[in-house]
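> For reference, the chains in residue letters:
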Amino acid sequence: SAVISQKPSRDICQRGTSLTIQCQVDSQVTMMFWYRQQPGQSLTLIATANQGSEATYESGFVIDKFPISRPNLTFSTLTVSNMSPEDSSIYLCSVVVDYGYTFGSGTRLTVV
Amino acid sequence: EDKVVQSPLSLVVHEGDTVTLNCSYEVTNFRSLLWYKQEKKAPTFLFMLTSSGIEKKSGRLSSILDKKELSSILNITATQTGDSAIYLCAVKANQAGTALIFGKGTTLSVSS
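So the sequences go chain by chain: A and B. Number 50 in the working numbering belongs to position 44 of the first sequence; there are no gaps in the numbering. Number 1134 in the working numbering belongs to position 36 of the second sequence; there are no gaps in the numbering.
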């Protein structure tokens, strides 16, 4: 299975600012998934990031709020823009390799 | 709309007890069902069940897929305090490479 390095592990941010989360995979993968887990909730898919094309966003998530980059097959970033306290969540990236789904270590974001 | 429902949402047991966690699903073109354990941020993989592999066991944990009832159970025998976590059920649907659909999870607390 793949190993994903996700950074930062946690951050406390002021409302109105932006935070960029990075995920580095130790192998080339076609798709990377970005999830959000709000307090007490399950994982909700934000978007699917493909290399060389625009990310595909799920209902309720827009590119202006959560821009994603996917410059190559091993790396992706998710930016949480113009943050509000409602954005306080755990953010996770995930990849599928050989039918196995692996998650990054997660980013715990607190917006104050 | 595809959905995954877990029950109970939370559970408190004593060390040594046996617990059964439930997961039911309604998805288009079911491919596999996965169980994860989440202790801090990143979910860790437990089992994947498919049409060709409907029962899995690892130590004190076991899981069964009932394709007729569109459900799965996760059993934990002789529970330990280290089993305290959120247990997530997820389903993979449609074509290869799609993201997982998660249930809300069951929060298990094991007291000594």
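Keep in mind that the hints were calculated from the coordinates and are not lab data. Certain hints may be false.
[Claimed, not checked] Calculated pairs, DMTMM-like style, for lysine to aspartate or glutamate (alpha carbon to alpha carbon, straight line, at most 25 Å):
1. K1202/B x D93/A
2. K1101/B x D93/A
3. K1166/B x D1115/B
4. K1202/B x E60/A
[What the hints assert, rightly or not] Some, not all, of what chain B presents toward chain A, calculated at C-beta under 10 Å:
5. V1125
6. T1126
7. F1128
Fair warning: this is a prediction, and the values are worked out from it, not measured in the lab. For every residue, glycine included, the Cβ atom is placed at its ideal position computed from N, Cα and C.
> Could you run down the list of hints and mark each one as holding or not?
We went through each hint and held it up to the structure:
1. For a cut-off of 25 Å, the pair hint linking K1202/B to D93/A stands: about 18 Å separates their Cα positions.
2. Pair hint K1101/B plus D93/A holds up; C-alpha atoms about 23 Å apart against a cutoff of 25 Å.
3. Annotation: proposed proximity of K1166/B to D1115/B is violated, straight-line Cα distance about 29 Å (limit 25 Å).
4. Of the supplied pair hints, the one linking K1202/B and E60/A is violated, its CA atoms being roughly 29 Å apart against a limit of 25 Å.
5. The beta carbon of V1125/B is not positioned within 10 Å of any beta carbon in chain A (closest approach about 14 Å), and the interface hint is therefore violated.
6. A hinted interface residue such as T1126/B counts as satisfied when its beta carbon comes closer than 10 Å to some beta carbon of chain A; here the least separation is about 16 Å, so the hint is violated.
7. Because the closest C-beta pair between F1128/B and chain A is about 14 Å apart, greater than 10 Å, the hint is violated.
The structure is inconsistent with the numbered hints 3, 4, 5, 6, 7, although it conforms to all the rest.
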